[in-house]
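Put chain B on the given structure of chain A with help from the hints.
Which chain is which? The protein sequence lines are A and B, in order. To convert, note that position 233 of the first sequence is 233 in this note's numbering; the numbers rise steadily by one, no gaps. Each position in the second sequence, counted from 1, maps to that position plus 1000 in this note's numbering.
Careful, some of the hints might be misleading.
Chain B regions said to be covered by chain A (calculated; three or more residues, Cβ under 8 Å) [said to hold, decoys possible]:
# : segment
1 : 1030-1042
2 : 1160-1170
3 : 1291-1299
4 : 1397-1408
5 : 1442-1449
Hints were generated in silico from the structure; no laboratory data involved. Even glycine gets a Cβ: it sits at the ideal position worked out from N, Cα and C.
There are 2 protein chains.
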Amino acid sequence: MFDSKSDIMSYKIKNLKFVFEPKSVALIGASSTHSKLGNVILKNLVEGGFEGKIYPVNPKYTSIMNMRCYSSVLDIKDKVDCAIISIPAIAVPKSLEECGKKGVKGVIVLSGGFGESGNKILEEEVKNIANKYSIALIGPNCLGVFNPYKKLDSIFFPVYKLERPKQGSFSFITQSGGVGSCVIDLAAHFGVGLSKFISYGNAAVVDESDLLEFLESDKKTKQILLYIEGVKDGKKLLSTLTRVNRKKPVIVLKAGKGQKASKAAFSHTGNIAGNYLAYDGAFKQSKVVVADSLEELFDFVKIFHQTLPKGDKIGVITNGGGIGVLAVDEIEKEKLILSDFSEETSKKLREFLPSYATVSNPLDIIADANPSIYEKSLELMLSDKNIDCIIIIVLFQAPSLDDRLLNILIKASDDRRKPIAVVAVGGDYTIMQRKTLDSYGVPTYRSPSDAVKAMKKLIDYAKYSGCRECINPKKIKPEFKLTE
Amino acid sequence: MFDSKSDIMSYKIKNLKFVFEPKSVALIGASSTHSKLGNVILKNLVEGGFEGKIYPVNPKYTSIMNMRCYSSVLDIKDKVDCAIISIPAIAVPKSLEECGKKGVKGVIVLSGGFGESGNKILEEEVKNIANKYSIALIGPNCLGVFNPYKKLDSIFFPVYKLERPKQGSFSFITQSGGVGSCVIDLAAHFGVGLSKFISYGNAAVVDESDLLEFLESDKKTKQILLYIEGVKDGKKLLSTLTRVNRKKPVIVLKAGKGQKASKAAFSHTGNIAGNYLAYDGAFKQSKVVVADSLEELFDFVKIFHQTLPKGDKIGVITNGGGIGVLAVDEIEKEKLILSDFSEETSKKLREFLPSYATVSNPLDIIADANPSIYEKSLELMLSDKNIDCIIIIVLFQAPSLDDRLLNILIKASDDRRKPIAVVAVGGDYTIMQRKTLDSYGVPTYRSPSDAVKAMKKLIDYAKYSGCRECINPKKIKPEFKLTE
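Just chain A, with the same shape it has in the complex (with noise of 0.2 Å):
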């Protein structure tokens, strides 16, 4: 009745849900020295909270931080859904063939030493090993997953060194582990929550496609992040961009774009970066969100909580001229509209701004703006139709600004009505003020640039992609348009 191929396929999808969703987690690899990562997993999963049962598995031992150690998978009596492996290479695909037999349905491979350094047969052996038993593996050659829900964290690095996001609305499929374990370290350092992490690894058997496909229909993701170096199958990667991207946003970063950093990728995770041209072609055609760099990722991510734009016109307001005018600059570069206020606006501005402020798009405050004058010119932005999305600048160092201002921004944002984005560049006192706001899905940029290009993407998306009944936010309420 069906083929096989689709067969494997829809087994990879369907038992996702034992790798993110486990009951039970057997750690083959478990140790009790300190500095090994079977230990560092293992206090993670323990002290992380994992919601369901542990089972370390290591022949050496009998116990390990005083839980019970097994020799094998095999002598484990209950259930076990999900399997983590940090074990030599070698032995790996003994320890997987005994998963099969135990029914074990998902499987995390963290090991390295596969098709990245030259070991394929090995590799193709792990692949024909799961695809017997129906096994989702995600790996080898990976961190694995880290979903804060259910606080299942494979990511083998301590948590004083990688703080964990809370639970929120972004997952982020990654085929390198140090990219995506580096965003989700500014995440969890900006407050932006997460909802599921994948670091993939060679893809031996379940690749981006698949993980794009599951988190299609996953309810607690909203916005998606992708970090890609080869791809095995592009065709399929394609259609299952531009199904997925009109539903919730793709953000997508491919690296090894040139012919050096190509074969850099090559080493890195065993996979043919192949030629960016064929993938920039198809990011134009499934009208992904492209970004050039890590920090873009997490710029862009951000924006993509907020309420998408009706058009291109963007008002800008600072308490900073210079800086004001750096973002116009901006506005100029990427070909977006500077309109002029309506003429109501700039009545109602004249009427409490002092004589000395200049009444125009970008609206300069003034150094001594409290955060009642940034209060009444928000609201007068966000209810002028000349004004599609607002870029609010604030120098938190002014004396004249105080807590009451963070306030005002969460409500512009949370009121929905247009996409704001803050800039706010400082050290520590700025940046616990931006962290405040972010933790409140309010974005915030450490220039006019990343703030300016971030709203450029949100207005493309709104433009240009799959999702057109968002563009009118009064007749369908967009899936991503809510971040909680």
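Then chain B, alone, in the frame of chain A:
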């Protein structure tokens, strides 16, 4: 004998020493009201430990903060080197006239409400009084000066909101107080030391070229940042930039490039931003380092604390493969050379790197590399003639790394064989490590693209700028080679 114009020129430069290194300061507009600027500045001068005498001036008070308050500068018996004026614009000419009569040779006018709000006549009046008394006048409409060597500080932002940098080697001339203060805050945050900060606003008397000329012979200044919107005398700027940049690298950000931005700049500091093409031409001719955004100003000045490279061949070392690939993408984009290691380097690397590590450039020493692996690899790259500059990527999150790595990186920077740049992306823990490195003169970046862009600027400066003798550091120690 001299024409009056060059006379004015010479008094301005000469008397700027009273602005930057005054033995006594009068604060005209001192206030005892907590939220007033005249109070914040007085507090900053006193608590910041200004090394000279402080004279509060305000007819409303007889004493402020337990200090005698004077009705006018004319009432002060001792010599006054510098006056900081923070009173309504309309009252400035009278106070300035009194400063002239008192023999004050350096004046900083913080007050706004001059040319930028259409009061050209008032600004002209200020200019004439300054010329009449040979006063080197900074402003109006500015933040003034911060000199950490003398603890002179006219920035009216409270220290708990805007950190002040330690003593160091870069100076910043900025038309916009806001843009300037953001960069100052960043420098303090990362522990990068400052020589002089000058926010010069409307440039009624002392302009950007005068300040460049002053810093040209300022021994504590090794690198210069310049932020401009509109310049009155373009020819003077071009010739000054060309001359100064040969001695000390000048990094320039020009705002107000497009039509709308230019208009916004005019209402900010009352200067015509002009055609960017003309500026762009002048920058190319003078071979200055051009920054395209606020964050690039700070990113670039840090790399100029390093030694100049002998060529454009880049070596990359990383404990995260993906970030290495992203670095190579950027190296290829910037048309720099990712050269092969020498045979000797490759041979020696193979002796201690694990068998599964690929010995090539970028050198991926894998996530479990310890500090000693970094040390040995770096030493080989520093000795390898095929490498001119090194991008060092560190996932500080890796369990195998510890603080020993910081010393290794600082040593690699200190021995000045080759310029290095460190890339580290992440949250609190990573930022803490970055701050340590930056405060020891090792430039760190939040992404490979930021680091490679900065390195490109250093390479271009070494190649094309006036300071040709710097290209071979053995011949002559370049002036900006030393950070302290």
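Hints the structure fails to honour: Nothing - there is no hint that the structure violates, so all of them hold.
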